[in-house]
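K.L.:
Please work from the sequences and hints to get the whole structure.
Take 1 as the starting number for the sequence shown in UniProt numbering and just add one per residue.
Just so you know, the hints here were simulated from the structure itself, not pulled from any lab data. Check the hints yourself; a few may be wrong.
Claimed, not checked - Only pairs whose alpha carbons sit at most 20 Å apart, straight line, appear in this in silico EDC-like list of lysine to aspartate or glutamate:
| no. | residue 1 | residue 2 |
| --- | --- | --- |
| 1 | Lys110 | Glu134 |
| 2 | Lys89 | Glu43 |
| 3 | Lys221 | Glu178 |
| 4 | Lys221 | Asp168 |
| 5 | Lys110 | Glu72 |
| 6 | Lys123 | Glu172 |
| 7 | Lys220 | Asp165 |
| 8 | Lys89 | Asp36 |
| 9 | Lys110 | Glu74 |
| 10 | Lys123 | Glu207 |
| 11 | Lys123 | Glu178 |
| 12 | Lys220 | Glu178 |
| 13 | Lys89 | Glu46 |
| 14 | Lys238 | Glu207 |
| 15 | Lys191 | Glu178 |
Computed from a prediction, not measured in an experiment: that's the story for all the values here.
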Amino acid sequence: MRLNDHFQWGSRCFVMGILNVTPDSFSGDGLIATSDVVAGALEQAERFLADGADVLDIGGESTRPGAALVAEQEELDRVVPVVEAISRKFPQAVISLDTYKARVAEAGLKAGGHIINDVWGFKADADMGPLAAETGAPVILMHNRSKPGHAEIDRRLGGSYVAPDYKDFLAEVLAETEALAQNALACGVAKDQIMLDPGVGFGKTVEQNMALINHLDAFKKLGYPVLLGASRKSFIGKYLDVPADERLEGTAATTALGVVRGADMIRVHDVRHMARIVRMTDGMIRAHG
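P.N.:
Here it is, written out as structure tokens:
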């Protein structure tokens, strides 16, 4: 799959729907809790596609602060059957694999997946870059300076990764995000197969997360399409003082501003609502050219 052939960047903002094949998603929508995981995933995929999702992002390990690590084989057992079932029933669907493990990404691609969405930007598994280059798969590289065990947990608002010290926050995140792309290029990944994610929610304060979204246009200047993933995250909960299941409006605000600031794709839990917000915002900012 070629990113630029499938997505006409600049024509509109695209929507990625989140399918968590986990028991411990921070947003409470993990499909492992259902009696039939594959059936539940197919139902959710069908709903997301009908509601306007352009991409289905399937992940088998929660990246919520404080979450337990998942063994490679367990992640494979969770993800591969779901990818196979969705690609078989919905052959038109574009499937993204939310994993930082090369073996899981490889199996997911063989099962029918298309895109590798690596929250560690190739830094967690040295085999991920060569795999992406060899297969030609598009990649999403996320900025992430968080430490998995370094999190603050609030019983009502959930967890958040502790932010490291930045001397010049925006400049450092921009430079480190560009370095992820440079590393992928050095591995042999084609430039037009790279998408960047500034990593909202991963090792940033509430104010820093909001600044990232407000300055998303700076990331656009790096020369790659940009993904924004702010849906239901803890910075919204902290700012509005609401738990994960009451963050629809806050997510809507991040979505609308993200589109205005140039996001090429929005990663969300609430596809129906956010797809409408994306479409309406796009319509306003692109009216009359």
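K.L.:
For every hint, state whether the structure bears it out.
P.N.:
Status of the hints after comparison with the structure:
For a cut-off of 20 Å, the pair hint linking Lys110 to Glu134 stands: about 13 Å separates their Cα positions. Annotation: proposed proximity of Lys89 to Glu43 holds, straight-line Cα distance about 11 Å (limit 20 Å). The straight-line distance between the Cα atoms of Lys221 and Glu178 is roughly 10 Å, inside the 20 Å bound, and the hint therefore holds. For the given pair, Lys221 sits about 18 Å from Asp168 by alpha-carbon distance, which is consistent with the 20 Å threshold.
Of the pairs offered as hints, the one joining Lys110 and Glu72 holds, with about 16 Å between alpha carbons and a cut-off of 20 Å not exceeded. Among the hinted pairs, Lys123 with Glu172 is consistent with the structure: their alpha-carbon atoms are about 17 Å apart, no more than 20 Å. The straight-line distance between the Cα atoms of Lys220 and Asp165 is roughly 24 Å, outside the 20 Å bound, and the hint therefore fails. In summary, the hint linking Lys89 to Asp36 is supported, as the alpha carbons are separated by about 16 Å, within the 20 Å threshold.
As the CA atoms of Lys110 and Glu74 are separated by approximately 17 Å, the hinted pair is consistent with the 20 Å bound. Between the alpha carbons of Lys123 and Glu207 the distance comes to roughly 26 Å, so the proposed pair goes past 20 Å and is violated. For the given pair, Lys123 sits about 14 Å from Glu178 by alpha-carbon distance, which is consistent with the 20 Å threshold. With a CA separation close to 11 Å, the supplied pair Lys220 and Glu178 stays within the 20 Å bound.
Under the criterion of a C-alpha separation no larger than 20 Å, the hint pairing Lys89 with Glu46 is consistent with the structure, at around 9 Å. This hinted pair checks out: Lys238 and Glu207 have alpha carbons roughly 10 Å apart, not beyond 20 Å. Annotation: proposed proximity of Lys191 to Glu178 holds, straight-line Cα distance about 12 Å (limit 20 Å).
In summary, the structure is inconsistent with hints 7, 10 from the numbered list given earlier, while agreeing with the others.
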